[in-house]
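Enquirer: Okay, here's what each chain looks like letter by letter:
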Amino acid sequence: MASALRKVLIANRGEIACRIMKTLREMRIPSVAVHSDVDAGAPHVWMADEAIEIGGPRSYLDVEKVLAAARSAGATAVHPGYGFLAENAGFAEACSAAGLVFVGPSPAAMRALGDKRSARQVAEQIGVPVVPGARECDTLEAAAAAAERVGYPILIKAAGGGGGKGMRRVASRDDLKEAFEGAERESRAAFADARLLVERYIHPARHVEVQILGGRDGAVALGERECSLQRRYQKVVEESPSPGITAGTRRAMCEAAVKLARAVGYTNAGTVEFLIGPDGAFYFLEVNTRLQVEHPVTEMVTGIDMVAAQIEIAAGGSAPSVPQPRGHAIEARLNSEDPYNQFLPASGKILMLEWPVRPSVRIDSGVREELDVLPYYDPLIAKLIAWASDREQARLRLMTALQDTTLLGLSTNQSFLIQLLESDSFVSGQTYTTTVESQTWEAPPVPEAVRHAARRLLTHRSERVGVDGVPLDRHSPWNTLGRFRMGV
Amino acid sequence: MSWVEIEFEGTTHRFAAVKTSEGVWIGWRGRAVFVPRETKDAARGIEEDTVRAPMTGKVVKVNATHGSRVREGDVLVILEAMKMEYRLAAPHDGIVEAVHCAEGQLVDLGKTLVTLSEEA
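Chains as they are written, first to last, in this note's numbering: chain A, 49 to 536; chain B, 131 to 250.
It is worth saying that the hints were derived from the structure and are not from the lab.
Heads up, the beta-carbon is just placed ideally off N, CA and C, and yes, glycines get one too.
Take the hints with a grain of salt, since some may be wrong.
Claimed, not checked - Below are the DSS-like pairs computed for lysine-lysine, each with C-alpha atoms no more than 30 angstroms apart in a straight line: (1) K225/A <-> K149/B; (2) K225/A <-> K191/B; (3) K188/B <-> K397/A.
Said to hold, decoys possible - Derived contacts from chain A toward chain B, CB cut-off under 10 angstroms, selection only: (4) G351; (5) S395; (6) Y424.
Unchecked claim - Covered stretches of chain B, as calculated for chain A (at least 3 residues, CB under 8 angstroms): (7) 133-141; (8) 146-152; (9) 182-194; (10) 214-225.
Kindly produce the complete structure, drawing on both the sequences and the hints.
Expert: Structure below.
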């Protein structure tokens, strides 16, 4: 048992806060949740042993408020989750200064590897292959020069952060100015940091990342995840193992990842991202110095609880020994958005929610029925992860789970996820970073039976008695009567 | 809210359904649709003539001016929300009737940003 972590505050919300608390419960470690005023009814608030309201919607980013909450609750450690303050070295330092254990890498390791420029430099120094490009391109002229050198098409990226923010693909010199300015604007807005870098645009490419855990005795790699299916650089579906790399490449990438971790003395969880080019060569992209959204995929094939490993490492322990991975896991991210209308974010009250309960299907959810999904935060509602002994079976399990999930009240990408899992690209494993955006996704036609049902339901005046004999209120005493027909 | 069974063309179909004051949500086999109650707007398709803010955010670019002719898909407003840029496009060909926002302005979810009229 980790003795140094007596009480953990989760500086996050939604599904990840809930997920972290599940492990804390199992480890018998009391949890403290913080929440914004608008999140007062959210599941993570009610799951925690204690909950503290810390202010308006943006409070999760407020270092002072989070630390004040930790102080008042007597927390001894802070788990930052992902996003928000998770990769903020200043926050990690402030935690230490306040006598709190930060469940994550050291500020120094975060700085060394979290910044894209610095990480690229470390990789170059230790002989890990990188994407041809230039580390520093803070002026249009510098970007143009780098682009000429590596050749168009190029990618402009923000040095200070990820998630696709501040990123622009540039096909030719003509498009450079607008792209550069847009990238600068977005980067400054997202990270208060307008530093950019330029890389050759590798295409078609797979995005494959390696999970690392660094502990007292060094770092280990827990295998890879393929995350090529992205939309605007946000991952949509992830899986492990990658269907597109050889055992040799897997071994080499894991070795490179561990080498990188060791070079900076990396501790706790991290992910080393690589791009696999059309020739099968791999190139280091960046390191995410935090637990990632898609970590369940690795947990399902290794059997390792990553949050538990993080807690133990934070308490001074070693990284776990890595078993041989088993089977195949695929994750789908369920978002509150309209996939058939530019994926515009959706908000609204979840009026009905039923998850499938299946062996080998895991659901990490941050919502409940009657919850108002708000426009202030990222659209991730829940993750569905299916495991099976082979990829095709995992795909079928995940698809079935999505088909058997009922969520009514606001638009989600549920139907799009099913289409994606049914697509030829996914079935064949030919998944690249352009796969999602290169196809048009159209709403399947609405069956006539559904239109008929809608008409019947809308014209029927009563709320209590159902159409064709089945009650509309699932908690109604009418349910005990069994099947019956009413005045046809 | 519940499961309903509807007879249609000789087959019994099972759907999840929730009625609201505005219409009904129906779910089946991993899909969900909202069918609004019959109103003038619903018959035409909701909000065909307006471009609204899908989220609370900041208007960073306005490409529409009163009286200008636009084509379906033309980007009229770029909104920055949750640190990403959203390109809001004209829902159909038409003429810009009015622009209700300005660059730099903070707008709430649902605010009408541009109204269009049909091509004459």
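Enquirer: All the hints need checking, so say for each whether the structure fits it.
Expert: These are the hints, each one checked on the structure:
no.	hint	result
1	K225/A <-> K149/B	violated (50 angstroms)
2	K225/A <-> K191/B	holds (16 angstroms)
3	K188/B <-> K397/A	holds (24 angstroms)
4	G351	violated (29 angstroms)
5	S395	holds (7 angstroms)
6	Y424	holds (8 angstroms)
7	133-141	holds (count 8)
8	146-152	holds (count 5)
9	182-194	holds (count 4)
10	214-225	holds (count 5)
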